[in-house]
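2 protein chains.
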Amino acid sequence: MAIQVYGDSVSGNCLKVKWILDRLKVPYDWTELDVRTGATRTPQFLAINPSGQVPAVVLEDGRALSQSNAILLYFAEDTELTPIDAYERARMYEWMFWEQYSHEPYVAVRRFHMHYLGKSEDELDPKLWERGNAALARMETGLEGRDWLAGDHLTLADIALVAYTRFAPQGGFDLAQYPRVMAWVARVEDELGIGRVA
Amino acid sequence: MAIQVYGDSVSGNCLKVKWILDRLKVPYDWTELDVRTGATRTPQFLAINPSGQVPAVVLEDGRALSQSNAILLYFAEDTELTPIDAYERARMYEWMFWEQYSHEPYVAVRRFHMHYLGKSEDELDPKLWERGNAALARMETGLEGRDWLAGDHLTLADIALVAYTRFAPQGGFDLAQYPRVMAWVARVEDELGIGRVA
Numbered sequence: 001m002a003i004q005v006y007g008d009s010v011s012g013n014c015l016k017v018k019w020i021l022d023r024l025k026v027p028y029d030w031t032e033l034d035v036r037t038g039a040t041r042t043p044q045f046l047a048i049n050p051s052g053q054v055p056a057v058v059l060e061d062g063r064a065l066s067q068s069n070a071i072l073l074y075f076a077e078d079t080e081l082t083p084i085d086a087y088e089r090a091r092m093y094e095w096m097f098w099e100q101y102s103h104e105p106y107v108a109v110r111r112f113h114m115h116y117l118g119k120s121e122d123e124l125d126p127k128l129w130e131r132g133n134a135a136l137a138r139m140e141t142g143l144e145g146r147d148w149l150a151g152d153h154l155t156l157a158d159i160a161l162v163a164y165t166r167f168a169p170q171g172g173f174d175l176a177q178y179p180r181v182m183a184w185v186a187r188v189e190d191e192l193g194i195g196r197v198a
Numbered sequence: 199m200a201i202q203v204y205g206d207s208v209s210g211n212c213l214k215v216k217w218i219l220d221r222l223k224v225p226y227d228w229t230e231l232d233v234r235t236g237a238t239r240t241p242q243f244l245a246i247n248p249s250g251q252v253p254a255v256v257l258e259d260g261r262a263l264s265q266s267n268a269i270l271l272y273f274a275e276d277t278e279l280t281p282i283d284a285y286e287r288a289r290m291y292e293w294m295f296w297e298q299y300s301h302e303p304y305v306a307v308r309r310f311h312m313h314y315l316g317k318s319e320d321e322l323d324p325k326l327w328e329r330g331n332a333a334l335a336r337m338e339t340g341l342e343g344r345d346w347l348a349g350d351h352l353t354l355a356d357i358a359l360v361a362y363t364r365f366a367p368q369g370g371f372d373l374a375q376y377p378r379v380m381a382w383v384a385r386v387e388d389e390l391g392i393g394r395v396a
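Order-wise, the sequence lines are chains A and B.
Note that our numbering numbers the first sequence so that position 137 is 137, with each residue one more than the last.
Note that our numbering numbers the second sequence so that position 123 is 321, with each residue one more than the last.
It is worth saying that the hints were derived from the structure and are not from the lab.
Small disclaimer: the values here were computed from a predicted structure and weren't measured.
One thing to keep in mind: the hints can contain errors.
[What the hints assert, rightly or not] Every beta carbon over 12 Å from chain B, so not counted as near; a handful from chain A, in silico: (1) Arg23; (2) Lys119; (3) Pro169; (4) Asp190.
[To be verified] Straight-line Cα separation of at most 20 Å, EDC-like style, residue types lysine to aspartate or glutamate; simulated pairs: (5) B:Lys216 - B:Asp232; (6) A:Lys127 - B:Asp323; (7) B:Lys223 - B:Glu278; (8) A:Lys127 - B:Glu389; (9) B:Lys317 - B:Asp232; (10) A:Lys25 - A:Glu80; (11) A:Lys18 - A:Glu189; (12) B:Lys216 - B:Glu389; (13) B:Lys325 - A:Glu123; (14) B:Lys325 - A:Asp125.
In this text, a Cβ means the ideal position worked out from N, Cα and C, and glycines have one as well.
Generate coordinates for the entire structure from the input sequences, incorporating the hints supplied.
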C-alpha cells in the first residue's frame, strides 16, 4: 500500500509534505481533511495522530508520523535537500525549529484568521502583526548576502519557511518591505516548480 | 577557545544545552544572561543571535548556533542519544518539533508567568491552562507501554521534553494526574543525573 498523507490543502504545513514527496518522486495517496470542520478530531484520525494535527502520514508498513518538519526530515535527511556539512545542517535545523516557534504562530495564524475566517484587522491580536513582522525582518537579516537560508542550495529550511512566507500577504503583511525575502520566495517557488503566489 | 554558551539558568531551553554538553563531556564556558533584564537584546548579543533568544552557542571556530533543539542535534545527532533506526529517529524529531509548538508555549509560559513574574492564576490567559494540560495528556498517551518517548532508551526527545515538564508544577499543573509522565520525569532526571525537582 502506498504512503497515505492526511492534509488540508490550505495549510502550508501540509503543502510542505506534498512538495517534498513530489520532488523526491515518492508515490502517495492524499486524503483531504478540512481542519475547520473537525475532520482532524474524529476517532479515526486521532488513532493516526493523537495530537489531532495535520499533516500526518502513514507509511507503507502502517506506522504513522506527524509534525511537518519531522516528516520533511524523514524523507529527505539523506538527500541533497539536507547539507552534508554538520554546521550547515545544524543551521537548517535552527531555521526549522525557529519556523515553528517564532514564525508560524504569527504569520500563518494571522493569515488564517484574515483569509479563511474572514476577520478584520481590528479583531486580531496586535501581537500577530508585531511578531509576524519581526519574523519577516529576521528572515531579511538571515538572507543578507545569501540565496538560500542554510548552505548554498535549496534545503529543507527553505521549504519549511516558504510554506507560510509566500502567503504572508494574505495575512496583511507587506513583503515589499522585505525585498530579500520577496526575491527568495520567488526563487524557492521556481526551484520547487509550484508556481508563484504573488 | 572553548565553546561559549549564552543562557539563562531559569530557562529549560537553556538547561537542555547544559545537560547535553555535560553528558557528552564537551568543555564550555557558560555566560549567564537574564532574559528579564534585556540582556538578550544588547547589540553584542544580537550580533551572536539576531533573534535575541537564548540559548545560543559560539563554536570553537567562532560560528554561532541557536534554537535549543537544533543545538542538541548538532552535538548529539551521531551519538547514542539519537536512534539509528530512521523511523525512530523521525519520531524523535516529531516530539522535538511538537515540544516547541504545542508544549513549551503553554507549559513553560504559564510557569514563567506564575513562578518568575509572580502573576496569580486569574491574571493568566485560560488557554495556557487548557493547552498545557492537553500537552501533558498527549505525553501520557505517548508514554503508554514505553519508558522513553522515541526508541528504547534515552534520546534527545526525552531531553527536550523533560526540560519544562519537570517544572510544570511551578506553572500550577498537577503531574499526579499524569502518572506515566510523572514516572518518566523521574526516570529522565535520574538518567541525566540532574537531581529531582519534585
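- Query: Hint by hint, which ones does this structure get wrong, listed from lowest number up?
  - Reply: When the structure is compared with the hints, only number 8 turns out to be violated.
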